[in-house]
Amino acid sequence: GIQVEQSPPDLILQEGANSTLRCNFSDSVNNLQWFHQNPWGQLINLFYIPSGTKQNGRLSATTVATERYSLLYISSSQTTDSGVYFCAVTGGYNKLIFGAGTRLAVHP
Amino acid sequence: EAGVAQSPRYKIIEKRQSVAFWCNPISGHATLYWYQQILGQGPKLLIQFQNNGVVDDSQLPKDRFSAERLKGVDSTLKIQPAKLEDSAVYLCASSFTAQETQYFGPGTRLLVL
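In order, the protein sequence lines correspond to chains A and B.
For any residue, its number in my numbering is found by taking its place in the first sequence, counting from 1, and adding 10.
For any residue, its number in my numbering is found by taking its place in the second sequence, counting from 1, and adding 1278.
Each hint should be verified, as a subset may be incorrect.
What the hints assert, rightly or not - In silico SDA-like cross-links for lysine to any residue, where the CA-CA straight-line distance does not exceed 20 Å:
hint, chain 1, residue 1, chain 2, residue 2
1, A, K105, B, K1361
2, B, K1322, A, P118
3, A, K105, B, D1335
4, A, K64, B, D1335
5, B, K1289, A, K105
6, A, K105, B, K1322
7, A, K105, B, Q1319
If you are wondering where the hints come from, they were derived from the structure by calculation, not from laboratory data.
Just so it is clear, the structure is predicted and the values come from calculations on it, not from any experiment.
Isolated chain A, as found in the complex:
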């Protein structure tokens, strides 16, 4: 099956810093989503991005499907950005396959 690898596994930032999270996938996929899981466990959709670039406030994402990777950029990080960021890809029939996540801690 499709393998999804995320890096780095852990990240500690000072408030205001920028960061880039990476997601590599092993095969062609129908789609790709980025999620943020907050400290209370709620999974929140950030981007639905099979290809190209999207931006939403301080967050942006780029997927290069032909090279099988996606990047999530966080600019001017805030303490509320803390949590786990998951990349998930869809194979057959919208089956989401998640990576292991990047655990982000933003300190004031």
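Given chain A, put chain B in place with the hints provided.
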């Protein structure tokens, strides 16, 4: 628009007991998913429904887990009997169609002692 609702939010049981979780998807969403998230890992799909039919249950441990979606709306996931390794967060998600964005509920945290 109301999100995906799940109950209970927390459950503690002893091994070999039974437990059931409930999910109410976003109104109008035909596709419903149950995921298991073990601590430190990403969610893993257990079962996917399209209306009230099962699309994918390949990773559901069918000897102890069962799920149903009567009338194509609400769904229940049951574990009987529970094992220690079933301790996890059980997430329900729904999407308008199988090809669209999935929206997740808050999850049910299960601890099996």
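Results for each hint:
no., hint, verdict
1, A:K105 to B:K1361, "violated (26 Å)"
2, B:K1322 to A:P118, "violated (33 Å)"
3, A:K105 to B:D1335, "holds (11 Å)"
4, A:K64 to B:D1335, "violated (33 Å)"
5, B:K1289 to A:K105, "violated (27 Å)"
6, A:K105 to B:K1322, "holds (10 Å)"
7, A:K105 to B:Q1319, "holds (17 Å)"
Hint check: violations occur at hints 1, 2, 4 and 5; the rest are consistent with the structure.
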